[in-house]
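As given, the protein sequences belong to chains G, Y, E and F, one line each in that order.
Mapping of the first sequence onto my numbering: residues 169 to 516, in sequence order.
Mapping of the second sequence onto my numbering: residues 169 to 516, in sequence order.
Mapping of the third sequence onto my numbering: residues 169 to 516, in sequence order.
Mapping of the fourth sequence onto my numbering: residues 169 to 516, in sequence order.
Don't take every hint at face value.
[Claimed, not checked] Here are the simulated DSS-like pairs of lysine-lysine, each with C-alpha atoms no more than 25 Å apart in a straight line:
| hint | chain 1 | residue 1 | chain 2 | residue 2 |
| --- | --- | --- | --- | --- |
| 1 | F | 331 | E | 332 |
| 2 | Y | 215 | F | 423 |
| 3 | G | 423 | G | 331 |
| 4 | Y | 332 | G | 331 |
| 5 | F | 215 | Y | 423 |
| 6 | Y | 331 | G | 331 |
The set of hints was computed from the structure by calculation and includes no laboratory data.
Letter by letter, the chains look like this.
Number of protein chains: 4
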Amino acid sequence: MKKIEVAILGATGTVGQKLVALLESHPWFSIAELVASERSAGGPYDKVCHWRENIPLSPSVAALKVKNTDSPLNSLLLFSGLDSSVAGPLEERYAHQGHVVISNSKNHRMDSDVPLVIPEINASHLVLARSQPYRGAIITNANCSSIFLTMALAPLHQALQVKKVMVTTMQAISGAGYPGVPSLDILGNVIPHIAGEEEKIAQEPLKILGTLDGKSISPANFPISVQCNRVPVLDGHTESISIAFAHHTSAAQVKELLQGFRGEIAEMKLPSAPAAPLIVLEDINRPQSRDVHRAQGMSAIVGRIRACPVLDVRLVVLGHNTIRGAAGAAILNAELFHQLGMLDEYRL
Amino acid sequence: MKKIEVAILGATGTVGQKLVALLESHPWFSIAELVASERSAGGPYDKVCHWRENIPLSPSVAALKVKNTDSPLNSLLLFSGLDSSVAGPLEERYAHQGHVVISNSKNHRMDSDVPLVIPEINASHLVLARSQPYRGAIITNANCSSIFLTMALAPLHQALQVKKVMVTTMQAISGAGYPGVPSLDILGNVIPHIAGEEEKIAQEPLKILGTLDGKSISPANFPISVQCNRVPVLDGHTESISIAFAHHTSAAQVKELLQGFRGEIAEMKLPSAPAAPLIVLEDINRPQSRDVHRAQGMSAIVGRIRACPVLDVRLVVLGHNTIRGAAGAAILNAELFHQLGMLDEYRL
Amino acid sequence: MKKIEVAILGATGTVGQKLVALLESHPWFSIAELVASERSAGGPYDKVCHWRENIPLSPSVAALKVKNTDSPLNSLLLFSGLDSSVAGPLEERYAHQGHVVISNSKNHRMDSDVPLVIPEINASHLVLARSQPYRGAIITNANCSSIFLTMALAPLHQALQVKKVMVTTMQAISGAGYPGVPSLDILGNVIPHIAGEEEKIAQEPLKILGTLDGKSISPANFPISVQCNRVPVLDGHTESISIAFAHHTSAAQVKELLQGFRGEIAEMKLPSAPAAPLIVLEDINRPQSRDVHRAQGMSAIVGRIRACPVLDVRLVVLGHNTIRGAAGAAILNAELFHQLGMLDEYRL
Amino acid sequence: MKKIEVAILGATGTVGQKLVALLESHPWFSIAELVASERSAGGPYDKVCHWRENIPLSPSVAALKVKNTDSPLNSLLLFSGLDSSVAGPLEERYAHQGHVVISNSKNHRMDSDVPLVIPEINASHLVLARSQPYRGAIITNANCSSIFLTMALAPLHQALQVKKVMVTTMQAISGAGYPGVPSLDILGNVIPHIAGEEEKIAQEPLKILGTLDGKSISPANFPISVQCNRVPVLDGHTESISIAFAHHTSAAQVKELLQGFRGEIAEMKLPSAPAAPLIVLEDINRPQSRDVHRAQGMSAIVGRIRACPVLDVRLVVLGHNTIRGAAGAAILNAELFHQLGMLDEYRL
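Turn these sequences into a full structure, and let the hints steer you where they fit.
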């Protein structure tokens with residue numbers, strides 16, 4: 169099979185580099201174009217990019233001349249790791265030009281006609297793309313902490329109807345990009361605030377767990393209280409979660425539902441889909457940040473499922489914030505969009 | 169004024185060392201005896217103890233010959249940093265012998281006739297000591313995380329009646345003593361479990377906030393849901409807290425109550441009492457673990473007071489786990505006991 | 169090809185676990201027996217071992233009943249990760265019983281008839297084994313920091329004759345095993361001493377770089393000055409090295425020699441041998457501990473090659489202390505021993 | 169005594185803030201003016217400065233309106249924590265205007281008429297100031313790592329004549345200022361390079377240990393080989409040092425010389441001078457970064473003094489990089505300059 173040529177927007181940034189690393193050996197997609205801001209554009213990728221991923225760059229990608237955001241692109245499919253300060257209008261412009269933009273940026277996530285998708289949970293929301301005013305389309309994934317929380321909530325909401333959620337996050341420094349958090353601020357320290365984060369986590373899961381109602385989404389309707397902390401961990405966001413349900417349940421039933429969750433794409437053989445979207449660990453002191461590399465960073469890892477004396481059930485969720493929480497999430501969305509045949513609806 | 173001679177039990181352990189460090193220059197108390205297990209006893213303190221505090225030992229304390237737990241003690245007042253594996257029967261024996269044991273150990277905290285005291289909150293509970301079956305007495309302080317949580321809850325419970333509490337802790341490694349947490353377990357990691365901790369934090373605040381009813385305590389009656397995490401921080405436990413109240417309130421009122429809290433001992437001039445039991449910080453990203461040395465580690469530091477969409481109000485509390493959370497708490501209890509004249513009721 | 173069944177001694181320790189992890193999918197060797205101290209023996213491996221490696225245990229290894237050190241073993245080939253407090257007599261006993269013991273322990277490294285081998289450098293030393301008084305044999309690898317230093321010195325010593333070496337190490341916590349270094353000792357700290365380490369690093373490279381003289385080794389003859397530091401890094405020992413040579417040279421020539429080094433086993437296709445024993449990085453701020461996973465942790469990584477105003481040339485070397493520095497070193501030794509046909513000289 | 173009013177240049181930077189913190193309660197100097205770049209100037213200090221020191225700002229300093237670098241200054245004595253990108257011409261301009269500039273910046277350190285001073289070692293070099301072409305003067309202190317190294321070398325050079333020095337540094341992140349080192353670069357990592365650092369440490373000690381020859385300094389004449397590393401430590405630079413001497417010596421003699429060192433200012437009662445410039449620790453695993461707060465961060469702390477098989481004697485030195493290594497060094501220089509009566513030679 170001939171691979172589909174793709175472009176990566178914001179290719180020199182943290183998410184952009186992770187997209188490059190994950191797409192380097194992708195079975196369906198092939199990196200054909202790299203795009204960065206005017207400041208980085210013009211030279212070969214390995215010269216203009218301060219590469220920080222652990223795997224070495226392949227020679228062909230290293231040699232790709234980086235385009236600026238004004239250059240016309242030949243690839244139908246674009247992955248966007250653009251900074252949110254510029255992603256809004258740029259992604260719209262590419263979509264108007266006919267491109268399908270698979271975006272990790274926050275800018276269009278809550279647009280009523282933009283799908284905010286976790287493939288295992290709400291693949292059906294992708295049809296929203298057909299209502300967009302673009303020749304192309306914009307498809308988004310959620311904020312990293314939103315994704316892990318929603319993956320744990322999804323099977324529970326379906327079976328038991330979630331009524332209330334309390335979550336305290338302990339988030340890794342890689343979530344802030346590069347240079348991101350100064351070491352003087354975080355070495356041996358906890359910072360109890362991350363700008364804009366609590367708002368996203370309180371809102372995005374409701375759209376993802378919402379129901380498709382003709383051409384729009386009716387969001388799920390329950391309050392999510394979020395307290396975010398930055399901790400001195402490299403990769404992996406941990407969340408202490410407590411949930412109240414409309415239907416009576418037990419920790420044992422919650423555990424069974426989480427263990428049994430396979431999701432809507434279980435049979436689709438998407439290359440980046442993990443064997444199980446949720447991995448439930450039994451040890452009383454798991455999941456730890458150390459577990460973050462399980463399943464190539466594409467599963468959410470759950471543990472400590474137990475009754476809660478205030479709401480109903482408590483648990484801990486861990487996810488790889490730059491893989492399943494960002495670049496890997498975008499790639500899985502693209503795989504789904506293509507496998508459903510929807511990418512074929514578009515042409516440059 | 170002649171200083172009161174005191175003994176320190178478990179003097180070579182982590183809490184014992186902090187007791188020594190804090191009592192070295194205490195205006196009322198003078199270290200006269202140091203007691204450790206058979207293994208450490210016999211030699212001068214600086215030889216048998218692997219001193220890890222940052223301040224140097226004074227020559228007189230360094231030269232004190234460490235006694236074992238079978239030796240009779242001359243000091244009426246004992247500070248106990250004994251390990252919980254031995255503290256239960258040993259503290260009882262000392263109390264039977266007529267000593268007043270100011271204990272940081274968990275063993276007797278929940279005994280119905282043992283005061284569990286935070287001086288600013290429930291000084292009156294000390295009278296329980298008079299009902300004890302000992303010639304002497306046992307006075308206890310709470311678990312470190314319990315103390316910081318209760319200090320924040322106290323003025324709110326009094327004014328607004330607490331109905332429900334959710335708390336997620338991020339606890340420093342010094343809370344586990346020495347050698348404590350292996351570095352391989354915690355460097356760059358979060359561990360979502362601390363053995364026995366969640367149970368204590370769910371229970372101890374209720375006794376402290378309880379009301380004295382003749383010779384016993386009627387504990388406060390509300391559920392506390394606790395999720396504990398160990399984080400790679402040296403000193404300072406951070407707690408993300410959410411609270412529901414019986415009476416309608418606002419974040420602004422909660423802030424005002426916390427800022428105004430002075431507690432029952434405000435006029436007593438206890439040497440270790442902080443100017444204010446609670447310090448409220450305004451910056452959106454405080455308190456951070458870095459703030460832990462404020463007020464000599466004796467205040468609880470509060471920030472991020474804001475409404476909660478699930479319960480009523482959320483906030484973050486930080487405290488110094490080995491000072492206000494352990495050794496400093498014990499010393500403040502002893503100061504209170506003495507200042508109230510209760511120590512004079514006992515004689516060896 | 170039928171795999172060779174092997175046993176792992178000290179299988180529940182840190183090196184033992186890494187041996188298990190690396191041998192789980194080895195093309196030549198198959199884990200048939202696991203041996204531990206009396207305390208851990210008796211149960212299935214996954215029950216008696218607190219598994220800390222990142223990859224999950226295979227069911228067959230997890231179910232292996234752990235033998236104690238008194239049990240007779242069926243495997244000819246034993247890998248020893250035994251603690252040095254017991255390795256001395258135990259390894260001898262196994263060798264007397266006819267086993268070939270591939271040991272990572274320090275106890276027999278400097279025995280005159282025991283090969284201390286880095287396959288790329290001194291494979292020929294293996295013939296020492298034939299002079300041993302055992303029916304079996306003992307083969308050893310060096311201390312982790314010794315290995316990385318020696319790998320960098322080998323091609324230089326051969327071409328330019330090393331006269332003096334100064335090295336300062338910055339060593340990861342995993343080098344101390346588990347529980348190893350308490351987190352209170354190392355979080356945000358540097359400890360300028362590691363017990364016994366400087367002596368080993370000053371001595372072992374000389375034996376490895378020595379020449380085989382009939383039935384004994386004439387060690388290389390130059391002083392090595394070592395200063396060891398423990399740093400808060402998980403995996404990867406970094407060494408700042410300066411070297412004086414008998415022959416005039418330049419940083420450029422040293423770089424060329426290091427880049428060109430392939431070693432004695434380049435054509436032998438040993439499964440664990442890296443493509444190049446040395447990887448030379450060009451960036452002025454490499455190698456960093458972060459680079460430690462390159463080449464599956466089996467190469468030493470070199471950088472910052474430059475002239476030294478006191479000796480001749482300076483450079484920085486990094487190696488993975490628990491892979492190339494311990495378990496991987498032992499496995500590579502076993503592969504070499506087998507590939508040379510020497511294992512066939514032994515029979516139980 | 170009326171305090172001398174001083175100004176702080178670069179007052180919002182890392183060194184500037186430390187200068188403010190240390191001068192807040194200085195017995196001789198009083199902060200009268202704060203100067204920052206155009207970007208920060210104009211507002212009160214606590215509004216334009218993101219204060220990161222642990223002690224709270226006094227209200228009077230907090231309210232000082234920050235001046236820009238074009239404003240004329242009323243204080244004769246200026247402390248400069250200016251960034252090296254601007255310090256060169258600015259410090260010259262202030263000196264031409266008649267100010268005495270006590271500078272921590274690197275720009276003028278090696279100027280032949282600028283004293284580079286460690287008071288305990290080369291107070292006499294201050295007379296160089298009289299040869300400067302300014303109405304005022306520029307006085308400098310060395311790079312942090314240079315200072316600690318030179319403090320250890322000084323008594324040895326005087327008694328034994330140093331011939332060669334090898335040093336490997338392990339430097340704290342606070343040495344890079346703020347925001348400085350990104351946490352993604354240093355958490356759990358060692359970086360074997362710090363831009364420009366090795367050159368300074370190889371050169372500055374020679375000027376400080378040089379001899380005053382009429383109106384110029386004849387620098388000491390021995391090679392210093394430096395390898396710098398950044399490690400994940402908050403405060404405190406550790407240096408592994410090896411030294412060769414012209415005169416035969418022993419580790420014991422070196423230790424005695426270091427312990428006995430008092431320096432040229434021992435009797436001058438300078439407020440910031442430590443009781444002893446060098447503290448020698450006996451424990452085999454000291455000094456550790458943790459020891460950095462000893463003597464208010466103004467002493468260099470030495471340990472592990474032992475013979476070296478390549479040069480003569482090895483040792484480990486630790487110093488507080490932002491106190492004795494920067495702001496405290498500048499303040500001590502100013503105290504010396506004033507106590508010697510030299511400040512009285514200048515007038516605005």
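So, going through the hints one by one against the coordinates:
Simply put, residue 331(F) and residue 332(E) have alpha-carbon atoms about 17 Å apart, close enough for the 25 Å limit, and the pair holds. As the CA atoms of residue 215(Y) and residue 423(F) are separated by approximately 23 Å, the hinted pair is consistent with the 25 Å bound. Taken as a hint, the residue 423(G) and residue 331(G) pair is honoured in the structure, with Cα atoms around 18 Å apart against an allowance of 25 Å. A hinted pair counts as satisfied when its Cα atoms are at most 25 Å apart, and residue 332(Y) with residue 331(G) qualifies at roughly 17 Å.
Among the hinted pairs, residue 215(F) with residue 423(Y) is consistent with the structure: their alpha-carbon atoms are about 23 Å apart, no more than 25 Å. Annotation: proposed proximity of residue 331(Y) to residue 331(G) holds, straight-line Cα distance about 19 Å (limit 25 Å).
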